[in-house]
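Residues per chain are reported as follows:
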Amino acid sequence: AQSVSQHNHHVILSEAASLELGCNYSYGGTVNLFWYVQYPGQHLQLLLKYFSGDPLVKGIKGFEAEFIKSKFSFNLRKPSVQWSDTAEYFCAVGSGGSYIPTFGRGTSLIVHP
Amino acid sequence: DAGVTQSPTHLIKTRGQQVTLRCSPKSGHDTVSWYQQALGQGPQFIFQYYEEEERQRGNFPDRFSGHQFPNYSSELNVNALLLGDSALYLCASSLDRGISDTQYFGPGTRLTVL
Chain D
20 AQSVSQHNHH
30 VILSEAASLE
40 LGCNYSYGGT
50 VNLFWYVQYP
60 GQHLQLLLKY
70 FSGDPLVKGI
80 KGFEAEFIKS
90 KFSFNLRKPS
100 VQWSDTAEYF
110 CAVGSGGSYI
120 PTFGRGTSLI
130 VHP
Chain F
1428 DAGVTQSPTH
1438 LIKTRGQQVT
1448 LRCSPKSGHD
1458 TVSWYQQALG
1468 QGPQFIFQYY
1478 EEEERQRGNF
1488 PDRFSGHQFP
1498 NYSSELNVNA
1508 LLLGDSALYL
1518 CASSLDRGIS
1528 DTQYFGPGTR
1538 LTVL
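Residue numbers (the working numbering), protein chains in the order written: chain D, 20 to 132; chain F, 1428 to 1541.
Think of the hints as simulated: they come from the structure by calculation, not from any bench. Using N, Cα and C, we set each Cβ at its ideal position, and we do this for glycine too. It is possible that some hints are incorrect.
[To be verified] Partial chain F-side listing against chain D, Cβ under 10 Å, derived:
| id | residue |
| --- | --- |
| 1 | Gly1430 |
| 2 | Val1431 |
| 3 | Ser1434 |
| 4 | Ser1460 |
| 5 | Gln1464 |
| 6 | Gln1468 |
| 7 | Gln1471 |
| 8 | Gln1483 |
| 9 | Tyr1531 |
| 10 | Phe1532 |
| 11 | Gly1533 |
Assemble the whole structure, with the sequences as input and the hints as a guide.
See the structure below:
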């Protein structure tokens, strides 16, 4: 069974700092990749997704992620975080053509104003 | 346009009991997936319903069962509850099994088993 690893469980940043959250997966075949976000008190929602094409994917709210196939990685980045980015971030991977994602355990991001 | 709704919001049961959770998908969506999210963990896929049939299933025992109605709403049933079943249960809806559309998640039902 495939697994999804998010290396940073808790990240604390000041506003305007740059963000990179790591995500690695174990499956070697075709993958569909997702980043979801859960803001305090809100539903889980999609930030961005990669199915094929340009490995640099741009999502909502200034987030982007890069798919590096050779490294089995799909890291999330934002050049300058805001206090409103405080949330739980989940990486998810669908393997073998599946659109059913396997989720990582999540990274809690706190941004201090 | 209403998003995904779930009921109830919270539920407390005792070991051995049975529970039914409900989900109404986003308008226009025909596929419903259920996830279990334990504290401090990411959501784990339970199963997906499409055209009133279970189409895919994750690594969960038969105590977990479901149903999808003609209006695409869905129920998750858990029998013989265990303490370890305490979790947030999320419903997600999509179009065409998620192949052509993103999954939209509901707010979840918090189940506590005592």
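Each hint, compared with the structure:
Proximity of glycine 1430(F) to chain D holds as hinted, the smallest CB-CB distance being about 7 Å (cut-off 10 Å). Annotation: valine 1431(F) was flagged as interfacial toward chain D, and the flag holds, the nearest CB pair being 8 Å apart, inside 10 Å. Proximity of serine 1434(F) to chain D is violated relative to the hint, the smallest CB-CB distance being about 15 Å (cut-off 10 Å). Because the smallest distance between the Cβ of serine 1460(F) and any Cβ of chain D comes to about 7 Å, under 10 Å, the interface hint for this residue holds.
With a least beta-carbon distance of about 8 Å to chain D, the hint placing glutamine 1464(F) at the interface is held under the 10 Å criterion. Restraint check, glutamine 1468(F) versus chain D: the minimum CB separation of about 5 Å is within 10 Å; hint holds. With a least beta-carbon distance of about 7 Å to chain D, the hint placing glutamine 1471(F) at the interface is held under the 10 Å criterion. Taken as an interface hint, glutamine 1483(F) checks out: its beta carbon lies about 6 Å from the nearest beta carbon of chain D, inside 10 Å.
Interface hint at tyrosine 1531(F): satisfied, since its Cβ lies 8 Å from the closest Cβ of chain D, which is below the 10 Å cut-off. Proximity of phenylalanine 1532(F) to chain D holds as hinted, the smallest CB-CB distance being about 4 Å (cut-off 10 Å). Annotation: interface hint on glycine 1533(F) holds; nearest CB of chain D at approximately 6 Å, less than 10 Å.
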